[in-house]
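J.: Dock chain B against chain A, hints included.
There are 2 protein chains.
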Amino acid sequence: MRWSVCLAQVGATSASSSVDYCQNVPLAGQENMLSETIPPPTCLLKPYVVPHRYMFGPGPSNVPPRILAAGSQPILGHLHAETVEIMNHIKSGIQYAFQTNNRMTLAVSGPGHAAMECAIFNSVEPGESILIVVNGIWGERASEMAERIGARVNTVVASPGGYVTNKEIEQALVKYKPVVLFLCHGESSTGVVHPVNGIGDLCHRHNCLFLVDSVASLAGAPLHMDKQGIDILYTGSQKVLNAPPGTAPISFSERACQKIFNRKTKPVSYFLDMSWLANYWGCDDKPRMYHHTGPVSGFFSLREAFAILAETGLENSWKQHKEVAEYFHQGLEAMGLKLFVEDKMARLPTVTTIVAPPGYDWKEITAYIMKTHQIEISGGLGPSAGMVLRVGLMGCNSTKSNVDMILAALADALKHCHKSRV
Amino acid sequence: MRWSVCLAQVGATSASSSVDYCQNVPLAGQENMLSETIPPPTCLLKPYVVPHRYMFGPGPSNVPPRILAAGSQPILGHLHAETVEIMNHIKSGIQYAFQTNNRMTLAVSGPGHAAMECAIFNSVEPGESILIVVNGIWGERASEMAERIGARVNTVVASPGGYVTNKEIEQALVKYKPVVLFLCHGESSTGVVHPVNGIGDLCHRHNCLFLVDSVASLAGAPLHMDKQGIDILYTGSQKVLNAPPGTAPISFSERACQKIFNRKTKPVSYFLDMSWLANYWGCDDKPRMYHHTGPVSGFFSLREAFAILAETGLENSWKQHKEVAEYFHQGLEAMGLKLFVEDKMARLPTVTTIVAPPGYDWKEITAYIMKTHQIEISGGLGPSAGMVLRVGLMGCNSTKSNVDMILAALADALKHCHKSRV
Chain A
1 MRWSVCLAQV GATSASSSVD YCQNVPLAGQ ENMLSETIPP PTCLLKPYVV
51 PHRYMFGPGP SNVPPRILAA GSQPILGHLH AETVEIMNHI KSGIQYAFQT
101 NNRMTLAVSG PGHAAMECAI FNSVEPGESI LIVVNGIWGE RASEMAERIG
151 ARVNTVVASP GGYVTNKEIE QALVKYKPVV LFLCHGESST GVVHPVNGIG
201 DLCHRHNCLF LVDSVASLAG APLHMDKQGI DILYTGSQKV LNAPPGTAPI
251 SFSERACQKI FNRKTKPVSY FLDMSWLANY WGCDDKPRMY HHTGPVSGFF
301 SLREAFAILA ETGLENSWKQ HKEVAEYFHQ GLEAMGLKLF VEDKMARLPT
351 VTTIVAPPGY DWKEITAYIM KTHQIEISGG LGPSAGMVLR VGLMGCNSTK
401 SNVDMILAAL ADALKHCHKS RV
Chain B
1 MRWSVCLAQV GATSASSSVD YCQNVPLAGQ ENMLSETIPP PTCLLKPYVV
51 PHRYMFGPGP SNVPPRILAA GSQPILGHLH AETVEIMNHI KSGIQYAFQT
101 NNRMTLAVSG PGHAAMECAI FNSVEPGESI LIVVNGIWGE RASEMAERIG
151 ARVNTVVASP GGYVTNKEIE QALVKYKPVV LFLCHGESST GVVHPVNGIG
201 DLCHRHNCLF LVDSVASLAG APLHMDKQGI DILYTGSQKV LNAPPGTAPI
251 SFSERACQKI FNRKTKPVSY FLDMSWLANY WGCDDKPRMY HHTGPVSGFF
301 SLREAFAILA ETGLENSWKQ HKEVAEYFHQ GLEAMGLKLF VEDKMARLPT
351 VTTIVAPPGY DWKEITAYIM KTHQIEISGG LGPSAGMVLR VGLMGCNSTK
401 SNVDMILAAL ADALKHCHKS RV
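Chains as they are written, first to last, in UniProt numbering: chain A, 1 to 422; chain B, 1 to 422.
Isolated chain A, as found in the complex (with noise of 0.2 Å):
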């Protein structure tokens, strides 16, 4: 039996750029269809060096070396004990960062979007109403999502960069007669928090589940699922937790499972129906079968992640970004330029909304800004698309020295890109 000598590099620990390439050997007894033809691409041949960048956009932000650690140890099975130890932990996590007793607590194995459709898939069957607060692109992206499983979608619509009311809402829950609500809490396409107190009581008035998304928001603006009557709440990885994306934490109300688990139909995903996630999460009181192969990588970094929160401690992370949000907007307020939320109380602490500069090409500044300062900052993004800048400052991100950097670079933009419009 012969070895390639190329096996030894498999496990070898650094690319090298002068890599050798394995002469193909045509394997004895096979038919010659069953050759390799398409040859391996030559990009692949040479290490990619990621660069350090200044992720200020709206996420991903930038993940602590203690997090990108955590998430580089060796692999293990996805449901060996220690991960299943490890998931334990990120329930805790969640339930402390949601403020939540709820035992159907979990994240999806994906991005937010999973999350957004396993919250969906499994609170609304075909036919059913689903009313949504459409405030910027969440709401239009959640629409969509209702519209593909043949729910009935009704709208309440916000001017891009405010908010609806709670008499707009219960006005329509009474029209509409909706299962479910769907509200975003951090608009991050327009930068508003949309006020949530009152809204759980106004649904379960009216029969109607209470399903928020916080991906933008959560642990940087206050959220109390319990106590505000969230029935399902869910978030990202990758904001302020400052995780890599691919996991989304995710809880779900007593309430919310009284309508999920007594559905007439299966919810359209197999891989994101909640009987299984459930039980793979230990939700249930059956023993954990086999449903789909967890990120378990990806695991171990949301771990990490709640515990810099537990250690930072909840109100003081709503604090910290409170404050240095409120530090950021005046200094762009003293520099002259506007900011696209009137409303203060309206504004989103994490991820700043700036009226685009008069006079100026959005897409010049924001790409001089990363080419000179290697900062990220981003456009708008559905109904603010062409107005604004947006500038988000997540978890570690959120310090004043940043703030200090950001206010510097756009000065520096704005001095060296074209005005030439006004």
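FYI, nobody ran anything at the bench for these hints, they're computed from the structure. You can trust all of the hints, since none of them are fake.
30 Å max Cα-Cα, derived DSSO-like pairs, lysine-lysine:
1) 46/B to 227/A
2) 266/A to 175/A
3) 266/A to 259/B
4) 227/A to 322/A
5) 371/B to 338/B
6) 175/B to 266/B
7) 286/A to 371/B
8) 286/A to 419/B
9) 419/A to 286/B
10) 400/A to 46/B
11) 286/A to 264/A
12) 286/A to 46/B
13) 177/B to 266/A
14) 46/B to 322/A
15) 46/A to 227/B
16) 266/A to 175/B
17) 259/A to 167/A
18) 322/A to 400/A
19) 177/A to 266/B
20) 266/B to 266/A
21) 286/B to 371/A
22) 286/B to 363/A
23) 286/A to 363/B
24) 266/A to 264/B
T.: Below, chain B without anything else, positioned relative to chain A:
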């Protein structure tokens, strides 16, 4: 403006076992309702160190340090120029590993199950007929997924450890007139590598797409997407590729694209909609738009996994798995153990199924080997549950010295575990 002393810990590079837990200071001007009441979980206040383990189950397999290092590079934005370049490299890597020139080639932002749903959700519309070859758990799961979206599902069932003939497939194609035929190439539950030659032609003659699952076989057993007429092929990152779970390569032929981009209905999932994913991965002619936040760190790892495969050579990888599997199978038979798959040609070179040793409790054997040797091997799954032990030797784990280690561990287990039944 005061700063929490704890915030300095956010960027710390190592966790301390005696963490200074922050006293939560009530926020001035906030209602009492908005104070934190669920305390931070104490389980998160200690660092968690993951043990090293030999991952010789059906996956995930061990991740070499080089791939772990790639995945722990600093995060980038999901649409940064470097990320796009890395995604292009991954695409080339997939084309090589799949032996395809398909332009519509990308990685799904989730585990193999997400790719499986992506394949089915996009290629089958409600009411259409799908034919599924069930030769183990993966055919069962594909059936379940297709049923959930309202497809008409018919199956051809092989006995556990066996496979179906092209004649049986053709008869079923004639009978059920499916738009898609699903086949699992590497059936990890039974240890069968299903023959593929000729089936693509049969499907095309009967106006049907040929969809193949290669999660457990890719790069471990010969597969030629283009030459074998496979229209949709997907795999996972955590088997032979040795990357962490959480990304799933997939590719669509021109014939498949003709169908999926001319649907009457939208796929049920926005997250897995190929119209969006094609754009996100630069497979169409439009500028890339934001769809969802991809698992950027997972892409770094996956690129490195394909770099190793390109250096090793696909044919060498096939040869390595074949030779190591044969060496393993000889060793097992020499010990008096019996292989579950009788037909030598149908034995999967990546995952071996061993008939559960008569008189023993298989669970005691796997637990003993895990505890005493830090080696994961597993029991059966689906139709093979309770009937087999499963051993996976994939990618960097596929070596003769690992075979020797497992054979010694098995011999030790048979000596020390209870032989209560005969």
